[in-house]
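Participant: Each residue of the sequence shown is one higher than the last, beginning at 1 in full-length UniProt numbering.
Just to be clear, a hint being listed does not mean it is correct.
To be verified - With beta-carbon atoms standing in for the labels, derived distance ranges: (1) Gly157 with Trp185: 40 to 46 Å; (2) Tyr203 with Thr115: 37 to 43 Å; (3) Gly196 with Leu114: 35 to 41 Å; (4) Cys178 with Leu202: 18 to 24 Å; (5) Tyr189 with Ile214: 38 to 44 Å; (6) Glu143 with Leu230: 21 to 27 Å; (7) Val121 with Leu198: 30 to 36 Å.
Note that these hints are calculated values from the structure, not bench results.
All values reported here derive from a predicted model rather than from experimental measurement.
We put the CB at the ideal spot given by N, CA and C, even for glycine.
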Amino acid sequence: MKASRKTKTPDDTIPSISSFYPAIPGAWQETFSGSTSSVFISVSREVFIHFDPPQDEQPSTADERELAELDDAESEDDFCDDFIILPDTNRIDIVKFILQELPSILRAKGTSDLTRAALRVLLFLPWCVAVGGTILLSPQHLESVVFAPGYAKSPRGLHRFAYWADCAMHHVFIFLACTITFCWWNLSYGMILAAGMLARFLYVWHDFRTDESIPLGEDDKQSLYSIATLSYTDEDDPMVRSTVIEEHSEVVQ
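With the hints as constraints, model all of the structure from the sequences given.
Facilitator: Dropping the structure here:
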């Protein structure tokens with residue numbers, strides 16, 4: 001027995017089920033031709049999106065400008081929370097701005113104890129110079145210059161006299177040293193400054209008279225004059241020695 005396979009011709013093509021229906025996009029198309037078969041898949045999809053907002057809801061130019069300004073303001077606020085924006089002007093206006101706004105900034109931010117201590121250290125020497133100049137040239141303002149800054153408390157009576165006895169000469173020497181340094185640095189201006197200081201000193205102290213009825217420490221000029229004269233008095237004088245001992249014993253107690 002001999003087996004044989006008959007090959008189908010194109011006339012014997014078997015129609016597919018899909019041939020009975022119209023062509024649909026994306027549908028299967030099947031063809032069978034002879035001993036071969038093929039599958040074709042075609043997908044077509046077109047999507048068109050077009051959105052037109054109503055005319056009354058479209059943002060105007062003014063609204064767009066306002067939104068842009070708000071965005072810029074928010075970005076600047078986020079960036080500049082901890083910074084100070086200086087005005088876009090010249091240097092003089094910037095300095096004026098800093099001087100005007102510095103007190104409010106310090107009140108808002110607060111100053112730490114370390115900052116205050118650093119300022120006290122930095123301003124100590126200028127304070128000593130100012131005290132020495134006040135002693136020589138304007139002793140009536142000693143209370144405000146010496147004790148108001150807070151470097152020393154304002155004592156009374158013998159305690160005040162003892163304070164001047166311990167510190168007055170040191171302040172005067174510091175003031176004179178700074179004055180001599182300035183004269184050496186600039187002789188012409190230094191001589192003018194020295195002449196003015198000498199004139200002021202003579203004007204303040206030329207008519208001074210001691211008053212023994214005033215207790216020690218009650219009048220600063222009396223105390224300073226007494227200390228200056230005691231410094232050049234013979235130390236063997238029992239009255240001077242006993243006075244100094246009583247002053248220091250009163251301070252210790």
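Participant: For Gly196 and Leu114, compare the CB-CB distance with the range 35 to 41 Å and indicate the outcome.
Facilitator: holds, 39 Å
Participant: Starting from the hint 21 to 27 Å, judge whether the C-beta atoms of Glu143 and Leu230 obey it.
Facilitator: Between Glu143 and Leu230, where Cβ atoms are some 23 Å apart, the hint holds.
Participant: Please test the hint of 38 to 44 Å on the beta carbon pair from Tyr189 and Ile214.
Facilitator: holds, 39 Å
Participant: Does the Cβ distance between Tyr203 and Thr115 fall inside 37 to 43 Å?
Facilitator: Holds, at about 40 Å.
Participant: Hint says 30 to 36 Å; check whether the CB-CB distance for Val121 and Leu198 agrees.
Facilitator: holds, 32 Å
Participant: At the C-beta level, are Cys178 and Leu202 separated by a distance inside 18 to 24 Å?
Facilitator: Taking Cβ atoms as reference, Cys178 and Leu202 lie about 21 Å apart, which means the hint holds.
Participant: Taking 40 to 46 Å as the stated bounds, is the beta-carbon spacing between Gly157 and Trp185 within them?
Facilitator: For Gly157 and Trp185 the Cβ distance comes to about 42 Å; the hint holds.
Violated hints for the displayed structure: none, as all numbered hints are satisfied.
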